[in-house]
Structure formats: C-alpha cells, structure tokens
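Residue numbers (the working numbering), protein chains in the order written: chain A, 1 to 469; chain B, 1001 to 1134.
No wet-lab data here; the hints were simulated from the structure.
We put the beta carbon where it would ideally sit given N, CA and C, even for glycine.
Some hints could be false.
To be verified - Taking lysine to aspartate or glutamate and the DMTMM-like style, the derived pairs with C-alpha atoms no more than 25 Å apart in a straight line are: (1) 1124/B to 378/A; (2) 1127/B to 361/A; (3) 1127/B to 378/A; (4) 1127/B to 111/A; (5) 1124/B to 371/A.
What the hints assert, rightly or not - Which stretches of chain A does chain B cover? Using the computed rule of at least three CB atoms under 8 Å from a CB of chain B, they are: (6) 14 to 28; (7) 236 to 242.
So the chains spell out like this:
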Amino acid sequence: MIPSLVQFAYLIATGLFVFSLHWMNDPKTARNGVMAGVVAMTIAILATWAQPVIVHHFWIVVALAAGILVGVPLSQVPITAVPQRTALSHAFGGLAAGLVGSAKFYLWYGEGPEQLTTFRVVAIMVEVLLGFLTFTGSLLAAGKLQEVKWIPQRPVTYPGQNFMNLALLLTAIGIGVFIVLNPGSTLAPQLFPVVIAISLAFGVLLIIPIGGADMPTVIAILNGYAGLSAVAMGFVLDNKLLITAGALDGSSGLILSLIMCKAMNRSFTNVLFGAFGQVQAAKAGGEVKQYKAETNEGAAQVLEQSQLVVIIPGYGMAVSQAQHKVRELYDQLKKRGIDVKFAIHPVAGRMPGHMNVLLAEAEIPYTDLVEMDDINGDMPQCDVALVIGANDVVNPAARYDKSSPIYGMPIIAADKARTTFAIKRSKNPGFAGIDNELYFADHTWMLFGDAKAVVGDLVKELSGGSGMH
Amino acid sequence: MSGRFVNNGAPFALMAALGLALAGPLSAQEAVHPVVETPDYWSLLFVFVLSSFIGLGVIRRVSRLLHTPLMSITNAISAIAVVGSILVTGEDYPPMIRAVGAVALFCSMTNIVSGFLITDRMLKMFKTNEKAGH
Chain A
1 MIPSLVQFAY LIATGLFVFS LHWMNDPKTA RNGVMAGVVA MTIAILATWA QPVIVHHFWI
61 VVALAAGILV GVPLSQVPIT AVPQRTALSH AFGGLAAGLV GSAKFYLWYG EGPEQLTTFR
121 VVAIMVEVLL GFLTFTGSLL AAGKLQEVKW IPQRPVTYPG QNFMNLALLL TAIGIGVFIV
181 LNPGSTLAPQ LFPVVIAISL AFGVLLIIPI GGADMPTVIA ILNGYAGLSA VAMGFVLDNK
241 LLITAGALDG SSGLILSLIM CKAMNRSFTN VLFGAFGQVQ AAKAGGEVKQ YKAETNEGAA
301 QVLEQSQLVV IIPGYGMAVS QAQHKVRELY DQLKKRGIDV KFAIHPVAGR MPGHMNVLLA
361 EAEIPYTDLV EMDDINGDMP QCDVALVIGA NDVVNPAARY DKSSPIYGMP IIAADKARTT
421 FAIKRSKNPG FAGIDNELYF ADHTWMLFGD AKAVVGDLVK ELSGGSGMH
Chain B
1001 MSGRFVNNGA PFALMAALGL ALAGPLSAQE AVHPVVETPD YWSLLFVFVL SSFIGLGVIR
1061 RVSRLLHTPL MSITNAISAI AVVGSILVTG EDYPPMIRAV GAVALFCSMT NIVSGFLITD
1121 RMLKMFKTNE KAGH
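Work out the full structure: start from the sequences and follow the hints.
Structural data, given as structure tokens:
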C-alpha cells in the first residue's frame, strides 16, 4: 500500500475514534460508539499490516490469535470484577508500550548511533518510563482490587518514601540525559535496562502507599498514563495515529481523575503522595457512641409507608453482590406506587461509574440513577434514605469536622432525609477507618448484616402480604 | 474550558484543523527517504496538542452514567499500540526484536478484544424504563 493511502486510512481511523467517544455522551447512542471504535481499529490494523515493509507474517498471526484467545474470556468476567479487569488491561497497555520502546532502542543502537537522535531518545525514555511504571503499577492495583492475599490492602508507608521516589526518578532522568548526550557509548545498552528496572520499581512504589478508597482516582490516572505511553510511542515511531488515539485516552484519564479528585476534595498530588488512611489511627479510642439497631421487619414497615425512597449504594453492595436483590426491592416499592431513586456518588465503588454499571446489570432503568448534585436538593423531601454498603460518601463530618481526613468532600445528604436506614456488615469503621456520624444521628437506624441478606429480608417482608410466599 | 466551548461544535472545528495537520505532510512522506528519517517534530506536537483538546472537549460531555464503559473503551482505543507492535514484529528486524514486538502485539490485541467486547456487554445493560419492562 502506498504511504499516502496508509495515512488516509489512519485519518479515517482517527475520525472514527473521535466519534466513538462522542457517542458515549448518551446511553442511547453509546453502542454505536463501540461499533465506530471496532471499525477504526480494524482499519488501523489492516492498513498497517498491508504495508510492504511488513515482510514477516507468522508471528503477527500467532500474536493476534493469542490476543483473541485471551481477550475473549477476559471480557466475560463478572461485572463486579470490572475494576480489576480494567487495571489489568492498563497493565497490558503499559507493557506493550514499554516493550516497543525498548525494541526500538536496541534496534537503532544496532543500526548505528546516528539513528539515536536526541528527539528519539527522549521519546523512547518517556515511553519506557510511562509504559513500565503503568505496567507494574496497574498489576499492583489489580492485585489490590482482586484482594490477592499477599498484596497489602491498607496503604503501606515508610519514612522517606517521597524522597526515595524522587531519587529513583532523578536517577532515571540522569541516565536518560547520559544516553541522549552519548548515544554511541558502549555503556548505553547496559544502562538502558537500569532505566527499565527503575520504571518497574517506580510503578510499585507509586501504588503501594495508596489505599482502596483512592482506587477510582488511581485507576483513572493509570488510564491516562497508558494513553500517554501510546502518545510517546507515536513520537518514537513518527506515527500520528498513535498520537491522536493515545491523546484521546490520555485526556479521558485526565478528566476522570479530575472528577474523582474533586469528588473527594483532594488534589492530584495529595492522592499520589499523601497516603490515605494513616491519620485516623490516632483518633480511634475516643468516646464510644451508641448505634440504634432496627429489625428488618420494622424497616420494611417504614419503607411501605413512604412516598420517596432514595437508595444510596456503595462498595459494600458490590462486595456482597446485592444488586439483584436491590432490584427486587425496587420492584416491590415501585409496585406500591412509591418513588424510588438511586443516589450515585462519583467515587462510590472502586472505579468511576462502578455503581451505575452494577445497577444497570440488575436491569434497574438508568433514568432512576441520579447524580449526587442532582439529588441532594430533594433529600429533605425524602422519607427514607436507605444506605447500602456506603460509608464515607454519606458521612456528615465531611461538612464541618476539619480534623476529619474527608473534610470538604462533597457528600450525599442522607442525614437530611426524614428517616435513614444504614445497612452495614459489622460495627467496624468503613474503608477509610473513620467513624461515621450519620450512624449515630437521631433519625438513623442500623440494619446490621450482609447487604444481600438484609435486602433479601426486606423484600421478603414486603412481598409477604402480596401472597407470593 | 467553558461549557460553551464544548457545545458549539468546537471539537469538530478542531477535528478539521487536525485533519489539515495530518494531511499536510502527506506529500513529504513520499519524498526520497534519507538514511535517518527526521520526523517533523512540530507537526507531531501540533497533532498531539490538537487531539488532546478534541479529547477534552468530547470526553467532558460523556454521560456520568457511562464512566466505567468509557474507561474500558478508551482502554481498547489506547491499544492502538497495536500499530507500533505490528511494525516492530513484521519488519525485517533481528528475531529478538521481533519476538519482543510479538509480545507487545499480543498485549495490545488482548486489550482490543476484551476492551471492545466488555464495553458492549456493559452498554447493553443500560436500559430505560420501557425497555426494562416496567
């Protein structure tokens, strides 16, 4: 294929990728977006493959077939495992970028140092650093999300952590500068693996001090890094399609992480460099407050009397896979003419939009899923706020308690409802390790137990009268 | 960036500009290749900056309901690294280089397949009232 035809195909692919993301602005058109993306990717692969410079085909076929064999099962994971899968695919993306960058470095070094222009070496360094740190960082994030036993869930911190990270980064940059200045040096091919090793270590060190509650932000940042490493690959290979598609991914990561940071009232640097969850240890052991527990039977009676019920789901709902029981509860309440809405906090769950997907899986119409900012005004008219496995996102301490680590974080105003029921697995504090004042409020009653079991009981109580059992 | 900026079709104007930036150097591509091809850094940077603006404009408007599918579809799109991987795997390079390329190609293809499939699977679940059968 002649070069301008290839470039034309790349141009079409770029346009389709933009439309693909454009169509994601509405659930009605979103599936067209997937179609556009698939067509664009197919065009890109075929146009690249058909070039005369591609002379070896066997390994391409094998690698593509293997990718399909592994990719199909990876796309069939349960919806609750989507955060892990996403992190894992960021790892794959980072690894691909890092490997291509390394291959090109050794290739050009072998062809002669005049190939290693300053521009190329800088681009390769950026690609390798971003690629390999995304690889190990995302693997670690996936492990934390999967709750692999030997990976610590709680943030791991040690003195001099940020200093150590900075020192490593400076070493990598120093080696990069050396190779830029001396591309022909016999030391260059020996120093290059050091850069790789530092990048791999850097990924681990960046993610290990980050706790589970910060995962939505971290996944979004890693998403951005994976995109930027593709951009760097585009600079290395002088390929504009890589740059455009990578930039789309990079800006998506940027926007999502900004939304997540805003929803937690924290800055980028604070998420990355200030471990969450270490402040509270000192606070524990204050006065012991009393919960008021309610029976499921009593709660069902109150629910039956309501006109507006707002359900606030959190990570606990995902953990106990309660979404289908929640759907049954939704049906029971709707049948009685009760208005039911779901209040979705941007950081509820372990990745952006996590709750929406789980509730959609349970076939709850997305028109009843309401964003935090849109529902908070209605909370005083709400008869019952039912908190299912959410904790920090409904903690009123965020409004006024300056000593609280979540101070300033926008919350769903569950405390403004006439009655609040909170389903909670145990009496221990939530993921951030903070006492939740909502649980001790006058109009709050606790329903202790596994989310799925409690919601199942509520459904049973509600359906008891209608002769279903 | 203001809300107005994204609502008046600015992304598409930017897209046209990007099209020009992409198409401009086409003739240069067909020129006789020197020993060391020096890419036009400035046009690469232009492409990067313009497409980032398009990305910001388009992604700001993505429904918050769909942030998880957005993440999986951008996963698949960033697997455009497949293009670079094919070049490294298929060109006439030493076998070691091509083997590394093949691993990268495998990773990218896995992301493409699983990314698009799971995005579609999730999007199928988003239903309105009527469609959900209520």
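Right, here's what the structure says about each hint:
1. 1124/B to 378/A: Roughly 30 Å between the alpha carbons, so the hint for residue 1124/B and residue 378/A is violated.
2. 1127/B to 361/A: Answer holds: residue 1127/B to residue 361/A is near 9 Å, not above 25 Å.
3. 1127/B to 378/A: holds, 24 Å
4. 1127/B to 111/A: violated, 56 Å
5. 1124/B to 371/A: Holds: residue 1124/B and residue 371/A sit about 21 Å apart, inside 25 Å.
6. 14 to 28: holds (count 11)
7. 236 to 242: Held - the region 236 to 242 of chain A has 7 residues with a Cβ nearer than 8 Å to chain B, which meets the minimum of three.
Comparing the model with each numbered hint stated earlier shows that hints 1 and 4 do not hold.
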